[in-house]
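Participant: Protein chains in written order, with the working numbering: chain A, 5 to 328; chain B, 5 to 328.
For the record, the hints were derived by calculation from the structure and aren't laboratory data. Predicted model only: the values in this text are computed from it and were never measured. Incorrect hints may have been included.
For chains that are exact copies, the list does not tell them apart, and a pair is met inside one copy or across any two.
[As the list claims (entries may be wrong)] Below are the SDA-like pairs computed for lysine to any residue, each with C-alpha atoms no more than 25 Å apart in a straight line:
| no. | residue 1 | residue 2 |
| --- | --- | --- |
| 1 | Lys324 | Thr274 |
| 2 | Lys109 | Ser205 |
| 3 | Lys21 | Leu118 |
| 4 | Lys40 | Leu302 |
Protein chains: 2
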Amino acid sequence: MSNFKMADIAKMAGVSKATVSRVLSGHKYVSPEIRKRVLDVVLDTGYKPNLIARSLIKSESHTIGFIVPSNDDEVIATLIRQVEHNLIEEGYRITICLTGYNRDKEQKFLDDLLQSNIDGLIVLTSRENTSLYQDVSVPVIMLDQYISGGAVTITTDNYYGGYLAGKRLVKNGCKNIFVVTTSSPDVAASERLSGFSQALSEVRLSYETVQCKSQLRHCEKALIKTLAIKKVDGVFATSDLFAAFTNKILEQQGLRVPEDVSIIGYGNTTISDITRPSLTTISQNIETFSQTIMDYLLAGIHKKPMKKRFIILPIEMIEKESTQ
Amino acid sequence: MSNFKMADIAKMAGVSKATVSRVLSGHKYVSPEIRKRVLDVVLDTGYKPNLIARSLIKSESHTIGFIVPSNDDEVIATLIRQVEHNLIEEGYRITICLTGYNRDKEQKFLDDLLQSNIDGLIVLTSRENTSLYQDVSVPVIMLDQYISGGAVTITTDNYYGGYLAGKRLVKNGCKNIFVVTTSSPDVAASERLSGFSQALSEVRLSYETVQCKSQLRHCEKALIKTLAIKKVDGVFATSDLFAAFTNKILEQQGLRVPEDVSIIGYGNTTISDITRPSLTTISQNIETFSQTIMDYLLAGIHKKPMKKRFIILPIEMIEKESTQ
DNA sequence: TTGTAAGCGTTATCAG
DNA sequence: CTGATAACGCTTACAA
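Kindly produce the complete structure, drawing on both the sequences and the hints.
Facilitator: What follows is the structure, encoded as C-alpha cells:
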C-alpha cells in the first residue's frame, strides 16, 4: 500500500488535485496527454485513492449491511455467499451483522451502519424487531416478512412450502405426525408451520410439536420424551438439519425411515444428501433469491420506481428417499 | 436516524463544535453544566456522529477485514461467528470477503480494504496467495500457515490432528486405508494429510487418496471408482462433511461402519453427530482459536510488543461411534 | 480543458 | 475549560 495522497500525485504530475481526481474518476474533458501523464505517475507510485475521503464527500460507502440472526444455518450461509458474490460484481461489499435475535445488538448494529454512510440494508430478523426498520433512511430489503414503511419485502413461499410438505405426508397416509422446529423467533419457520397446519387441517389431522433449542442434545431429549407418549409415522422438520437429526434418533429407536416413518425437511441443503436415507425436502432457489434481493436493492439505491414492494418467490418439493 | 450535524448541535447548545466533540468523545476538561447542556440537545435531537468523518481524520475505521475462501465450511462459519462476536465486544465490526481462492478477487478485496482505513486483517488463504500479505500496512493475522513478513500466524495443530487420526486407524488394525480430501488448495487439509502420512509411514502403511471437488456427486464418483479397485477398512477425511458422505456411500456399498470400516473426520462439527454412526473426529476449540486471534489482533492494532508470532493451538480427538 | 477554492463532518492544535 | 481555525483526503462548483 502506497502512502501517497492525491496532492502528491498532482505535484509529481505537475497538475492540480482536481485534474488527478478527474482522471481517476474517468471523467471526460481531460486531454489525452495529461491523462497519460497522471496515469503514469499513478502506476509508478501505486497510488490508490482513500475511499473514506471519497465516502465522506459523496455520502455513500459502497457498503451494504447484512443483518441476520446467525450464519450457522446452511441456507443463510449460502444466501450470504451468493449475495456477497452478486454485490461484489456491482462494486459493493457487505458488512455482516450477526444478531442472535438480540434487539439491543441489532439496534447497535443498525445505528453503527447508519452512521457510516451505508448504501443499503438487507435484514433478516424476528417479527418483534421489525419496528427498528420502519423509518430508515436507506433502502431496506426485509427478508421473509412484511414490514410497514418503505422497505421492500422479499421472501420465498414458506407457507406453500409447509403446505406441500403437509400434503405429501397426508398422501403417504401418515396419521401420527410430528413437527420438529426451532424455538427461535424464526419467521420463515413459523410461516412453514402455518402452511403445514393448513394442509393437515384440511383432512382433519393435527400434529405434535417438538421444539429444538440451538443445542441438538436438547432436541434429542425433547424428541425422545414425545416419542415415549406418542406414536409417529410422519415428520416435518423446518430445516434439513432438524430432519437429519430426527432421522437418526428415530432409527436409533428402532423405527425405519421411510418404511415406518416419512420425513420431510426444508432447504435442500447438503445435509439432505448425506443422510441415509436422503431427505425429501423443500427447495428454495438461492440464486434467484439473491438476484432478486440485488435487483430491488440496487433499484432502491438508484431511486428507480418499483412495481412491487412485496415479492414471493416459488419453492418446490424435492422428493428423495425419506418419503418413499 | 437524525440528519443533524455537529454544527447544528453546537449552535443549539450555544457552544462550539469543538466542545460538542469533546463531550461526545468523553473528554475530560468539560464543565459539568456545559456537558449536560450538550448532552440534553444530543438526546433531544437523537444526534449520532458521522463515523466516516471521524474515520477520515483518525485514520481508523473500527473495521476488521476477514478474508476467507468461503463460508460453507461449518468450522469456518463458526469461526467467523465467534470472531465477529468477540470483535463486537471490542467495538469493531467485520467486513467479510469470500475469495473462493481466486487471487484477483483476493487482491481486489485487499486493496479495497486497505483504501478504507481498516484497522486489521484476518486471512485464510492458499499458500500461493500469501505473498499478497507480506507487506501490508495493518496488523495481519494469518490463519493456518506461516508467512514471512510482519504477520502473526495462528493455527490449530493440523499436523498433529492428522497424526492422531493415523495412529487411531493403525490401532484399529486398519490396513487398507482411504483418505478423502478436498481438491482446493486448503493448507489446513494438507497439513492434516502430512501428519496422517507420518503416522502411517511409521508402521510402513500407505493410503489411497480420493479427491473431492466442491460438488458432492463428484466425490461420490471418485469414491466408487476407487472402491472398485481397492478394498477399504479405514478412512480419514479432512472434514466431517466428507467423512459423513463417505460413511453414507460405504454403507450403500454394503460395508458396515464401524464393523468393516473405521472412519475419522475432522472438525467435531454438528455433522459428526447427525450421522449413523456418529463420527470420531478431531476437535479444535473454536472459542480459544477466536480469542487468540482477537488477542493478537488487538495487540497488533495497539502496537503492543508480542512474545510470539507463531501460535499453534492444541487439538484433541473425540471418539464417537465410527471407530469402535 | 484546467486550476482555485470551497466544502464533506469530524477531531486536533493552539490560543485565550 | 472553551473557541477559532486548521487539518483529514478527496470531489466539485466556479472561474479562467
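Participant: Does each hint fit the structure? Answer for all of them.
Facilitator: Status of each hint after checking the structure:
1. Proximity of lysine 324 and threonine 274 under a CA criterion of 25 Å is satisfied in both settings, with 13 Å inside one chain copy and 22 Å between copies.
2. In this homomeric assembly, lysine 109 and serine 205 never come within 25 Å of each other (Cα to Cα): the closest approach is 39 Å inside a single copy and 52 Å across copies.
3. In this homomeric assembly, lysine 21 and leucine 118 come within 25 Å of each other (Cα to Cα) only across copies, at 21 Å, whereas the closest approach inside a single copy is 30 Å.
4. In this homomeric assembly, lysine 40 and leucine 302 never come within 25 Å of each other (Cα to Cα): the closest approach is 33 Å inside a single copy and 42 Å across copies.
Of the numbered hints given earlier, the model fails hints 2, 4; all others are met.
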